[in-house]
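J.: Residue numbers (my numbering), protein chains in the order written: chain A, 1 to 494; chain B, 1 to 177; chain C, 1 to 312.
Rather than coming from a laboratory, the hints here were simulated on the basis of the structure.
Positions of the beta carbon are idealized from the N, C-alpha and C atoms, including for glycine.
Incorrect hints may appear among the rest.
Unchecked claim - To give an idea of the chain B side of the interface with chain C (calculated C-beta under 10 Å), a few residues: (1) 70; (2) 72; (3) 85; (4) 86; (5) 88; (6) 113; (7) 116; (8) 119; (9) 120; (10) 122.
To be verified - Covered, in the sense of this in silico footprint (three residues per stretch, anywhere, with C-beta under 8 Å from a C-beta of chain C), are these stretches of chain A: (11) 317-326; (12) 367-379.
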Amino acid sequence: MRYFIKNANIIDPARRIATIGNILIEHGLVAQVFDMADFGMPSEPDQGIEVIDARGSIVAPGFIDLHAHLREPGDEHKETIATAGQAAARGGFTTICAMPDTTPATDTAGAARQLADTARRQSVVKVAPIGAVTAGRKGSQLAELAELAEAGCVALSEAGRTIADAALMRNALSYAAMLGLPLLAHCEDARLTNGWAMHEGAVSTRLGLPGFPSSAEETIIARDIALAESVGAHLHICNVSTSGGVALIRAAKERGLRVTAEVTPHHLTLSERWVLGSLAQWTALPRTPPAESKKRKRGKKSEPGLGLPSWLDPSLLPPYDASTRVNPPLRAEEDVEALIEGLRDGTIDAIASGHSPQSMVEKNVEYRLAAPGISALETALALVLTLVHRGEIDLLDMVAKLTEGPASVLGRAPATLRPGSAADIVIFDPEQSWMVDPREFVSLGHNTPLTGQKLKGQVMLTMVAGEIAYRRGSFGVGTGVLRQASKLEGILEE
Amino acid sequence: MTEKQILSADDIRRAVARICHEIAERNGGVRNLVLVGIRRRGVPLAQRIAATLLDFEGIMVPVGLLDITLYRDDLAMRGPAPVVHSTSIPVDITGRVVVLVDDVLYTGRTVRAALDALNDFGRPERIQLAVLIDRGHRELPIRADFVGKNVPTAREERIETKLNEVDQTEDGVFIVR
Amino acid sequence: MTSTSTRRRHVLDLDDFSQAEITEVIETTASMKEVLGRSIKQVPALRSKTVVNMFFEESTRTRISFELAAKALSANVVTMSAKGSSVEKGESLLDTMRTLQALGADLIVMRHGEAGAPYYLAEHFNGSVINAGDGRHAHPTQALLDLFTIHERLGQIEGLKVVIVGDILHSRVARSNIWGLTIMGAQVTLCAPPTLLGPPGFWLATWPSLIITSDLAAALAGADVVMTLRLQNERQQAGLLPSLREYSRLFGISAARMALAAPHAIVMHPGPINEGVEIMPDVASSAQSVITDQVTNGVAVRMALLYRLAGG
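Please build the complete structure, drawing on both the sequences and the hints.
T.: Structure follows, in structure tokens:
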């Protein structure tokens, strides 16, 4: 199948391009890009080509997700590779990296190959396996890391766990360096987070919930940076959530270390106040305790007017709603500010969904006992776009953090729309608003704190290797010169 | 909304005096008596009756106050919960004649609740009922022993009693429709 | 006459109570206390209502207090003790609630080890919920009985200087009292070692008027009310304090320390008491102690709340 995307607002961060034009897709590749509208339109009706009219929408390279929990094998009631793939396509992602915390874990070459094989057969998007660092993710014995690399793992990670033994972590980083793979580190000192329910701060104090202190993340980030430096490894910090963590990563980058980082859409936009739910409505919680925030700020004047956008309203939730429980927890608003700043100044390289589907069995319990996680793939883009709509970051940079950024973390050629590159493409309308209803999710995980929220930004079409993986309604079904030709093929019948 | 006065301050004073005479006559004196006012306007009425009896008979009749909120049988009518006030009965009522006092007798449900409440405080020899106004429309087989004035009313009308001690205005009884 | 506010459905914490409503509860409590002083200590106000006490955490005194309160109002009372969390039991809270609903419960009184559990219950249950203590979050009936006791002894709450001493970080009693006392206009001081308190900013963010200190002598100077809290032995095992002996020496309320407070000051404790740790035996049994009044008043306060939710 060949496609001709016309009237496209093309954003291609890898080439620093934002323009209007047309794109011709053939044999699964971007064949030609015409940088001005109406150029390149084949003058003769052509057999076997569908015209997609993308007027008013953005056309960008498909998103790459560094961090998704696919749950298969082992927890197929929460998600499968097939449903995660559909959810990814619906969210505009064309490649998702599969965290190894399945049952059994992706800790052998066989497990990695099986995952890749299942994905090839069942997923509409590309799935890249991540290998576990230790056998069974038990933190005691290294997994066979070189064989995991041979089996196609694009990175190594202990997925949601920190290797408590610093010596073992250093050995793992040494191996990762030898293999040329990034080590994706979840940073949490479990002794400091024992029994945690949410971020330790004003809200946990008010609600009487045991806290996950920021320092539990920051001490491990500091440790792992030092360990990575000592062996020359590429350390990648998984969903950084604290202002202190951002500062440590920034400092490491300034020293020229190979340290990269990702952040999730929810940590960029939601805060601890979401745990208050409807209690947030009439309780004036000042943004930060004044004394402490001074110390933590890094020479940046706080910018006024950064609040929740009016269309995100935590008071739609009841207090203590388990959908807000995620690891790391939703942090204070000053942390959210620091994460946005980190995204802006390049400290944070990528936005990763952190997609963590749970079934209602794991969520319909007392808050602290609820399994952490947010089903994030299908709301990721719209949530991040709230920052664009608010003027926090520009659209080109945002797309970069979803495409070029994650590709560079993986040490791959950047996702781009240059002729000859794979036709992994997303088309989204940044202005279209919609109401989040988890019952419409294709992910099996309906766990989201965003139920009932109005978001702006909708994926219209996702193309993986030149084939349509997701299309919203009859989006882009052609008008104009090729209508006749298309009709001959019966494409317009849908 | 119209408001018509049916008893003046003087009328009320005369009605109280007449009720006092009847109480004394019916009970052969006032020695064994306890007056129990039903909150709120039954309380000042009971106190006035006690004061008048002291004038007539030279005997101080004890006065108790009864809050019947916790005995009401109209739980199904869900509104904001009424405020509960204290009940205070200064003497043991067992073996004595209790005269319950209220301003208006209407359906009889308040009196029924008051009878229930009195039950929890002892076993009186007899219970009598004194009211300033009987407006009819009984829903229970209850009648007053001493009545200041019988006032035929329609159900949609309202009787408003004003007593100086509670309302801080001149005494009076009004019919409001 | 009816109450000033619209009908309340649940009592989950004091954070949604106004000063007027707390005042009303205090007044109603006084009336309920009068009922408890009668020879027949029972009124028919909640006849035909079913109250279920759901205790996921053992608490003899609170459970008995609620049972007596419900019985004094002629409600049908069922008590269900279930140790451990629903997860440990393999039965979900939701399932238990649905069963009770199907059996006709009008009001559930719940004690639970997890903060927020009553909110979850209230979200799904058709009737009313009273929080009888959830994790370290809230214990609104205890706070109301404390407020009633203070008002009964000192005639007012507004403007009083109240010091809460001890393991505040882990205390639901402290949190609900901070709400109640602040709403009623008292000046509240929190006094504890930092390990049992956390950063002051975390408290001030919600309650800017609090005074927070680890200096007990300064906190007690001129206090009208000294509220002591139970120190669980496991706090020492968790490394939050060096020893009970040192803790008692620094933060235990002794007669000498009480002398720093105002002459009319009262001392309170939600019980059960660790005598010799957070409070010395002679103080607990002194004329300044209102600890047994608190227990007595607990039944009356719970009657007032049960009536407020299910009566009228």
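J.: Decide, hint by hint, whether the structure agrees.
T.: We went through each hint and held it up to the structure:
1. 70: This interface hint holds because 4 Å falls under the 10 Å limit.
2. 72: holds (8 Å)
3. 85: Since the shortest Cβ distance to chain C is 6 Å, the answer is holds.
4. 86: Nearest chain C Cβ about 5 Å off; hint holds.
5. 88: holds (7 Å)
6. 113: holds (9 Å)
7. 116: With a minimum Cβ separation of about 7 Å from chain C (threshold 10 Å), the hint on residue 116 (chain B) holds.
8. 119: holds (8 Å)
9. 120: This interface hint holds because 4 Å falls under the 10 Å limit.
10. 122: Constraint on residue 122 (chain B) satisfied, holds at 8 Å.
11. 317-326: Answer holds; 3 residues pass the 8 Å Cβ test.
12. 367-379: The restraint on the segment 367-379 of chain A holds, since 3 of its residues have a Cβ under 8 Å from chain C and three suffice.
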